[in-house]
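Chain F: place on chain B using the hints.
Protein chains in written order, with my numbering: chain B, 1 to 276; chain F, 1001 to 1259.
Rather than coming from a laboratory, the hints here were simulated on the basis of the structure.
From the three backbone atoms N, C-alpha and C, an ideal C-beta is built for every residue, glycine too.
Just to be clear, a hint being listed does not mean it is correct.
Stated by the list, open to error - Which residues of chain F face chain B? A few of them, derived with a C-beta cut under 7 Å, are:
no.	residue
1	Val1114
2	Val1123
3	Met1139
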Amino acid sequence: MRRAVLVTALCALVGGAVLLPLSAQSTAIPRLPDGHPDLQGLWMKSAGGFQGLFIGSLDGTNFAAPGGGRGDGRGGRAGGGPPAAPRYEYTPEAEAERQDRLKRGYEDPEARCHLPGVPRSLDQPGGLYPVQIIQDEKYVALLHEAMHDVRIIPTDNSAHPKNYSAWDGDSRGRWDGDTFVVDVSNFNGRTWLDMAANFVDANEHVIERFKLVDRDTILYEATVTDPTVFVKPIEFRFTLKRVPADQQILEYSCLEGERSLQHYTDEDGGRKRRAK
Amino acid sequence: MIRAIAAVLLGVAVVAGQATPFVPARLWDKKTPDFRGIWQVRGNANENVERLVVDPPGGKIPYKPEALERQRQNYRNRATADPSLKCYQAGVPRATYLSTPLQILQSPGNFAIVYQENHAFRVFHPEGRPHFDATDWWMGDTRYRWDGDTLVADVAAMTDLAWLDQSGNFHSTEFHVVERYRMTSGDTLEYEARMEDPVVYSRPWTIRTTLGRIKQAGARIIEDECLEDANGVRHHISPSDPRNLLKPDYSRWKKPAQP
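For reference, chain B alone in the conformation it holds in the complex (with noise of 0.2 Å):
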């Protein structure tokens, strides 16, 4: 499963470095009938974030832009050059916090099949697991390969409900003219940020823009804000690629019994079964 995933996203991610010079040639962006940008179509993550080189060092290709760091200097590539990776600057007590929890990096609640929360359910390994989206006068919804995340956003800025907290917090949206803008609150306070144990607790509030630059592009932008973890905003940016039509969005699922491992040994930490 895993494999036929990744093969999917190869071979989408081929598919789409073919399909870029011909969308370059235009810049209309489509639309729906009620004038807003038409967000829909399936996506990739293709550039920047945190987790953006994860996969990229599988098979050679570098999904992150050149210099995009990991922001904890434990892997990935060094230097400057947009967009780089998220900075973190925890208070002296979130700090202390997080040196912790990096040394159970097993804890984190996407390995153990949790929602990733926002922004990391786009923040997802480069050209890995896709996002569907449709939209229509009402809502905009992101359905997420990865962890078989749904966020269904309304579009009418309404306010948050109260006495609710999720691991994806509660979505509100509108269009702040062809820029879909989201307000992300009442976490539960649980989620990480990335693989590497940056964190938020309950007071994580996001604020995420989704602005489609050219037909077959989603810039992605997010700040996300948690005064008891970090003493400054955190900013995230990518971008999306649109999927060439012929793929499909497949099934994902976090679960015990993962087939991949009969293929490989108890050795390598595997099931297979050996002859006797």
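This is chain F only, laid out in the frame that chain B set:
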């Protein structure tokens, strides 16, 4: 063509005791029937799907003898063996008649269903391409077409780990479902599923139920994460693995008062 379809629908409606078939509203392409909304079944078919069987008459799933034995075994073990207890996605058609709501998302050319339980979703793809081969997904691979105002979906590539209900009714990887979604009024969505599986059933069988529209203003499906124990561990992760024992919800992180 439209007239012929209308005639067929009329026939169905007459059988169902209605005077005229309901014509659903259209999307902004003025063509596609508009099924958008939050829908939910009433009843408890999730306990036993045989309550919904309309074919064969008599309401029993036509198991082959050896498969019936397996179903009875499943039933005896249902308190622990039902995969939905372990947070797996419910599968097709079970996701439809769970007691939790679903939301239909639609735009011209797009159709998807998001199920509240375990945030499962299905993206329906237009017919024209073959099903994925040799995959075993919980929610299957769906191809659809419009038959008049009825959406007809063909679902295949499903895992044999899924159950159809809490009673241990089951299928193999040869399971194949044809679903029919049809609005019978502005607030009712009829759902029919014809199931075949040459490994497990001696003949195809069909269920039918009706979903009602959730009409409260501002109603939304909510995030449903699988149940966790006191340690914050989801039950589908092996609890015997000590690495899976999380510290209780990071309660150690006493967040400072908001400045």
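Unsatisfied constraints (hint numbers, rising): Hints that this structure does not satisfy do not exist here, as all of them hold.
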